[in-house]
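**Student:** Read off the chains here:
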Amino acid sequence: MPTFSKNTEPALPRTPREDDLESRRDSKRLRRLLLIAFGWLLALLIGAGVDALISVRRLDRASQEVSRRFTARNRALSTIVVSVRIYDDQLERFLLQDQLQESAPDPADVTNKIAAVRAALLDFPPDRDSDEQLLLAAMQQQLQEEETSCAIVLAWRSDLRQQRAHQFIGQQLIPWRSRIFELSAQISSLDERKLALENLAVATRFQLLESRLVWLVSLALIAGVLMSLICGWYILRLERQARLRYQALARSRLDLESLSARLVEAQEEERRSISRELHDEVGQSLGALLVEVGHLSKLVPPDDRVTQAQIAQIKSVAESAVKSIRDIALLLRPPMLDDLGLVPALEWQAREISRRSDMEVEVHSENVSEALGDETKVTIYRLVQEALNNAATHAFAKNAKVTIAQNSDKITVEITDDGHGFDPGRQRGMGILGMEERVRRLGGTLTIESAPGKGATMKAELPLHKADSP
Amino acid sequence: MRKIRILLADDHKLIRGGLRLLIEQQTDLTVVGEANDGRETVSLAKSFKPDVVVMDVGMPNLNGIEAALQITQANPEISIVMLSMHSDESYVLRALKAGAKGYLLKDSAESDLIKAVHAVADGKSFFSPAVSKVLLDDYVRKLKRSGAEDAYDLLTPREREILQLVAEGKSNKDVANLLNLSVYTVETHRSNIMEKLNLRGIPELILFAVRRGIIS
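In order, the protein sequence lines correspond to chains S and Z.
First residue of the first sequence? That's 1 in the working numbering, and the numbers climb one at a time after it.
First residue of the second sequence? That's 1 in the working numbering, and the numbers climb one at a time after it.
Bear in mind the hints are in silico, worked out from the structure with no lab data behind them.
From the three backbone atoms N, C-alpha and C, an ideal C-beta is built for every residue, glycine too.
Careful, some of the hints might be misleading.
Some chain Z residues flagged as far from chain S (calculated, every beta-carbon gap over 12 Å) [said to hold, decoys possible]:
{"id": "1", "residue": "Gly99"}
{"id": "2", "residue": "Ala121"}
{"id": "3", "residue": "Lys142"}
{"id": "4", "residue": "Gly169"}
{"id": "5", "residue": "Asn172"}
{"id": "6", "residue": "Lys173"}
{"id": "7", "residue": "Thr185"}
If we take Cβ atoms under 7 Å as the criterion, some of the chain Z residues that face chain S in the derived model are [unchecked claim]:
{"id": "8", "residue": "Gly18"}
{"id": "9", "residue": "Arg20"}
{"id": "10", "residue": "Gly58"}
{"id": "11", "residue": "Asp88"}
{"id": "12", "residue": "Asp138"}
Distance windows between CB atoms, simulated [to be verified]:
{"id": "13", "chain 1": "S", "residue 1": "Leu331", "chain 2": "Z", "residue 2": "Lys142", "range": "17 to 25 Å"}
{"id": "14", "chain 1": "Z", "residue 1": "Lys46", "chain 2": "S", "residue 2": "Glu269", "range": "31 to 39 Å"}
{"id": "15", "chain 1": "S", "residue 1": "Arg245", "chain 2": "Z", "residue 2": "Arg145", "range": "32 to 40 Å"}
{"id": "16", "chain 1": "S", "residue 1": "Asp338", "chain 2": "Z", "residue 2": "Lys142", "range": "20 to 28 Å"}
{"id": "17", "chain 1": "Z", "residue 1": "Asn75", "chain 2": "S", "residue 2": "Glu449", "range": "51 to 59 Å"}
{"id": "18", "chain 1": "Z", "residue 1": "Arg145", "chain 2": "S", "residue 2": "Glu319", "range": "25 to 33 Å"}
{"id": "19", "chain 1": "S", "residue 1": "Ala261", "chain 2": "Z", "residue 2": "Lys3", "range": "37 to 45 Å"}
{"id": "20", "chain 1": "Z", "residue 1": "Asn180", "chain 2": "S", "residue 2": "Asp338", "range": "47 to 55 Å"}
{"id": "21", "chain 1": "Z", "residue 1": "Arg160", "chain 2": "S", "residue 2": "Asp338", "range": "37 to 45 Å"}
{"id": "22", "chain 1": "Z", "residue 1": "Ala130", "chain 2": "S", "residue 2": "Glu461", "range": "49 to 57 Å"}
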């Protein structure tokens, strides 16, 4: 007993299915690779962008801080210098009040001014480095001495003041002032140096960022170019595969069409020859047999009952054989098509169906030519046969109508029934496929309209060739 | 007595042989020729001028119906009996239109042939009883399903009489003589019959008569 298991399949080296599977696996791998690469590229770009943003912001902040610090120191220094000048001026005017013809400042005012100097000194930003601290301390010490001597000077009486004012100014006040200015100049230059250094640091960091960015962008660019190349190659490969597949599909469809066309042809030819064999050989022999039996029964005396009964039996067997052979032959290739032409053959078929089933069939024809090509006639005949059989046996129709009309360039056949109907989109049996094939072979169109419960209409339009014209 | 001269046409020698045997058992019948296909039948009919041609419907090189048409056009006096496997009205009607007077089913040829030959030689029609039965069955079934009434019931007794005579092959003049009517009255009756039965032409009228068993 033959077994139809997988083991009996011939072991081919590669089937198209395996090839397909492999290429699909390949594609999957490549797709995953591309996805990862795209992810990386995206991450790289986002990383570079975020990094650049943060770095720029940080650098900006740093450079702002640098300039803020410098400005604050500058302002503090100039405040110190200005307050020192004001205080000096006040003190000088106080000391020289007797020589100068103007109102003398109040000693308390002078004390206030020196307090302002101290306040200005204290106002110097607290974030000082050691050099600054040293210089500021020196300034503070000077101020301390100044305050002490100022207190004494302010307490001088007028005569003492007149006597010593010039000396004090020349020997104490001016050198002290110069000293303060010198110190402030030192702090200022220190600050300027620091500013320059810090600016340099910011510039260096900026350069670093720049080079990092350039590096990242070039990396992304190279990766992008590489990936577009890979993608391009992948797309080309897909296109080629699609083209190959389409070609294969078109070829196999063509093969299939020619195969089915040959099948229809072969089927018709086979039917014709079997029908002819049956009708011409078997049928005629049986016909002759019947005639001979008729002779025989005449030769046997009528009162020989036994023999006569035997002959009658032979006759009835032969008759039933003739009948079944005729039915088979008719089904295979109705001679009506050849003997009577298309329309009478269709009418015959309609009556035949009416005799066999509960369906009444009407045939209407309009100027149908007798000289239709054989293939056209057979196609229409088979179409009607199939449709009526379907209507009677599957759709249990009660009435059917066949309309056949011919005009100058085509012949239209329509078969309508009032049966149960069907869904032509889904139910397509071999019969309908065969009909489509026959119609397509002649370059015609077949449309089927039906829905469950709504009967069915089948309509075929066949182009007429020159041979078919009336 | 003059024998009835018969031409046999069938593409099967066995059948021809059987028919010839059958015919030659009759003293008043003789076979004057045998033809193998349609064309040969037409040419033999032309040269032998037989009284009756017994011819198969399906023959190679011109089928029996076409051959019958050509023979009756050339020699209307020749009567034709068609032999056929088919009892369907398509065939019967085509045979009648081609001018055949008799229509025999092959399986009953052996019992009815002699009757048929005598009938057509006498100018009458002859149809196998089985043919009449099939035609009537088809007609009755159709009436039943469509619910229509039988047009035959619409005919008056006189019209039925005339229908039968016309179907039997009588001319208007013969009918008028037989029924003691004027030819004009017979013509009026005839056209009424055709209208009531919805028939076109004598072949359809004969078919109707056969179907109803008015003639056989």
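**Student:** All hints, please: hold or fail.
**Tutor:** Hint check:
Its beta-carbon lying about 16 Å from the closest one in chain S, glycine 99(Z) satisfies the requirement of being farther than 12 Å from that chain. In this structure alanine 121(Z) is separated from chain S by more than 12 Å, as the shortest Cβ-Cβ distance comes to about 21 Å. Under the 12 Å C-beta cut-off, the non-interface status given to lysine 142(Z) relative to chain S is violated; the minimum distance is some 7 Å. Its beta-carbon lying about 24 Å from the closest one in chain S, glycine 169(Z) satisfies the requirement of being farther than 12 Å from that chain.
Interface exclusion of asparagine 172(Z) from chain S stands, the closest Cβ pair being 30 Å apart, more than 12 Å. Once the 12 Å rule is applied to beta carbons, lysine 173(Z) is consistent with being away from chain S; the minimum gap is 33 Å. No beta-carbon of chain S is positioned within 12 Å of the beta-carbon of threonine 185(Z); the least distance is around 36 Å. Restraint check, glycine 18(Z) versus chain S: the minimum CB separation of about 3 Å is within 7 Å; hint holds.
Against a cut-off of 7 Å between C-beta atoms, the interface hint on arginine 20(Z) is violated, since the closest Cβ of chain S lies about 10 Å away. Given the 7 Å rule on beta carbons, the hint for glycine 58(Z) holds: about 5 Å separates it from the nearest Cβ of chain S. For aspartate 88(Z), the interface hint holds, since its Cβ comes within 7 Å of a Cβ in chain S; the closest pair sits about 5 Å apart. Taking 7 Å as the C-beta cut-off, the interface hint given for aspartate 138(Z) holds, the closest approach to chain S being about 6 Å.
Checked against the hint of 17 to 25 Å, the pair leucine 331(S) and lysine 142(Z) passes, with Cβ atoms roughly 23 Å apart. Range check, lysine 46(Z) to glutamate 269(S): about 37 Å between beta-carbon atoms, so the 31 to 39 Å window is met. Taking the beta carbon of each, arginine 245(S) and arginine 145(Z) are about 56 Å apart, not inside 32 to 40 Å as hinted. Checked against the given bound of 20 to 28 Å, the beta carbons of aspartate 338(S) and lysine 142(Z), roughly 27 Å apart, stay inside it.
About 53 Å separates the C-beta atoms of asparagine 75(Z) and glutamate 449(S), a value consistent with the hinted range of 51 to 59 Å. The beta-carbon spacing between arginine 145(Z) and glutamate 319(S), approximately 30 Å, falls within the hinted interval of 25 to 33 Å. Take alanine 261(S) and lysine 3(Z): their Cβ atoms lie about 58 Å apart, and the range 37 to 45 Å is violated. Distance hint for asparagine 180(Z) and aspartate 338(S): a CB-CB separation of about 49 Å, consistent with the stated range 47 to 55 Å.
For arginine 160(Z) and aspartate 338(S), the Cβ-Cβ distance of about 38 Å falls inside the hinted range of 37 to 45 Å, so the restraint holds. The hint said 49 to 57 Å for the Cβ distance between alanine 130(Z) and glutamate 461(S), and at roughly 40 Å that hint is violated.
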